[in-house]
Amino acid sequence: MSNWKLINKTYVYDGSFDGFLTIVFDSYSNKVLPQKIYSYKDYVENFLDKVLYIKTDYEKSKRVFNGIEKNICYESLYNSYNAFLSNEKDKEIHILKYLCNGFDVGPKINNMITTSYVFKVINMRRKALAECHKLKGLLRFQEIGNNLCYSSIHPDNNILEPLGHHFINRLPSMNFIIHDKIRDLCFIYNCKEYKIVDSKNLKISEISDDEKIYQDLWKIFFKTIAIKERKNSRCQMQYMPKKYWKDLIEMSN
Amino acid sequence: MDIYDKLKILADSAKYDASCSSSGSNRKNVNNGIGNGHVSGICHSWGADGRCISLLKILMTNSCMYDCKYCVNRATNSIRRATFTPQEIADLTINFYKRNYIEGLFLSSAVIKSPDYTMEMLVKTVTILRNEYNFNGYIHCKTIPGCSQELIDSLGSLVDRMSINIELPSNDSLKLLAPQKEKTGILKPMSYISNNIEQNRLIKSRFKPKFVPAGQTTQMIIGATPESDLKILKLSEGLYQKLKLKRVYYSAYVSVNNDKNLPTLESPPLLRENRLYQADWLLRFYGFKADELLNKSHPNFNHILDPKCDWALRNIDKFPIEINTANYFTLLRIPGIGIISAKKIIKARLNFLLNFDDLKKLGVVLKRAKYFITCKGKYFDKVYKFNQNFIETNLIYQERIDSNRKINFEQLSLFSNSYDNNYSYLTKEKSLLFKRLQPTKEDKIKCLTGSL
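In the order they appear, the protein sequences are chains V and D.
Mapping the first sequence onto my numbering, position 121 (from 1) lands on 121, and the numbers just tick up by one.
Mapping the second sequence onto my numbering, position 47 (from 1) lands on 47, and the numbers just tick up by one.
Note that these hints are calculated values from the structure, not bench results.
All values reported here derive from a predicted model rather than from experimental measurement.
It is possible that some hints are incorrect.
Claimed, not checked - Lysine to aspartate or glutamate pairs mimicking DMTMM-like chemistry, simulated, CA-CA at most 20 Å apart:
(1) V:Lys231 x D:Glu266
(2) V:Lys212 x D:Asp5
(3) V:Lys120 x D:Asp358
(4) D:Lys343 x V:Glu75
Claimed, not checked - Looking from chain D toward chain V, a few residues come up when the C-beta cut is under 10 Å (computed):
(5) Asp12
(6) Asn29
(7) His44
(8) Phe329
(9) Thr330
(10) Gly363
(11) Lys367
Cβ atoms here follow ideal geometry from the backbone N, Cα and C, with glycine treated the same way.
The task is simple: from the sequences and hints, build the whole structure.
Quick look at the structure:
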């Protein structure tokens, strides 16, 4: 990657993983590195930038997707996809460098942890997946109809898809909606297939009759299970940060 | 009595069981049922005491026929008694599980009528969950000592994890505090279950029936009886090696009853419990042996330094360790380097030799490790002396600075009398330590022998 050209351009793409892989394809084939990469949502127009709008090309993205697994390794695909979910500022440029260098050196790239962008990518992956794992536990469903459950979350990273897959494996015969209130996205599953849709005006007004009973039972259980002599709210807060409390039934009063 | 009261009473009686892990089972979701297992386990909430809540931890009943002195539910205590029916437990579990409050069920019970009768009720509950509701989530069930082997077999084929509590770490203590329980009555079913697990492992069919896939665990109470840490740790080591247990839990004794045979403690011995857990991890993942950590002239853990640091200081001749050449198990012996750091180091040094800056980049914490390692043959900058006294002084001094930082997180006030307030056991001890900041030689020796 040492003989690559750094060009003074800002790439803007649609924010999807496919769009990002298109950028990887273009940069790798032309041997150029852009200065900055933004998604449409985050980009604020700037007089000084030379902007290049990248159109998502599914053919190219598919080639890169298969190429990563074939020419680098599965672990790199896993790392780059999950790092892409994180909310780090310059995630795209780090993953781009990681992948392009990976195509040159092969699976060895994952051992080069002291190289800054490899370290960043692995860290971003770790953070995103750690939050995903935490929310697998801290997400709370509310029954809002017959066999239909709703849940709202406020995650830092865009982890809706891996989170949704976890619940599809777990509760395949239940309809559910997971609402990411920060990004206004909804993961909707109807026992057969799932979809991620935009949801600006989704509001839940009713909950089912049983719901109140079980919420109360859960609150009672939560209160009684703690041993008073060992009270340690610092420890509790460390594991269950306050930013998640607004979605938790047991902490919300 | 309605279900709210029952849940309150029976969760309250179950809370002293430490075990709440949901790991080790990868049970699949079959026939579009409810739930699956997650190998690494998932914590769903954390209680006010900071312990994780991952399972619905309840007793089937708390009306017990035994009279163990340390237990809240003993027959002679006047507390409210309640009993769940198997159907009620199953409904509660399914509804909590669907809302993602819990990862599964932890079912224990006091002994009602006879061990066999109690065990039958447990089996019935689990059968309803597994067969009627098609529940594939995690189930941890207590085995009642003294029940028949057929019942253990049928329960074992349904649940993920089984456990029998040893409760007290020696036979004498058992006689003193739980006169109706016997050592053999506890150890016999344990070895029966571990034999069955081993046999099940030998079957080489893809369709073999499951038998306790997440293994068995046990628990003992710390601080109610006078056993030394060495004795407890030796017992755990034996359990891990001979009975192939997955976990031994230690529970700091909380005084709930008054009895002449029981000690009166102001607060549970949490620091001691913590040290035992640290040592337990060293046994299971770090390749340490109980004899290395403690010995007869040194039967209890150090109050100030963790077991690994303590061991390293007593075996200073094995250090410093060169980061770039040491093998995995030698790396694990360095204080401050754990499994994750050791694996990272091994991976990263495949490409080039590491120095201290690289270690920092990898996220290896050098607070303690810096005294015990060399990189490319060099010591850390500020470690200009490699001798035992110097390292001891620095480690303890560091410990004091840290404890000061933790204590002083409070709003300043003109009228505060912060040092007289009721700090918990641990912080009180640390605040005392901090008052005499400069470690004198005498002080240092006292710290290390644990007499404060």
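Comparing the hints with the structure gives:
no.	hint	verdict
1	V:Lys231 x D:Glu266	holds (14 Å)
2	V:Lys212 x D:Asp5	holds (16 Å)
3	V:Lys120 x D:Asp358	holds (14 Å)
4	D:Lys343 x V:Glu75	holds (16 Å)
5	Asp12	holds (5 Å)
6	Asn29	holds (6 Å)
7	His44	holds (4 Å)
8	Phe329	violated (21 Å)
9	Thr330	violated (20 Å)
10	Gly363	holds (8 Å)
11	Lys367	violated (19 Å)
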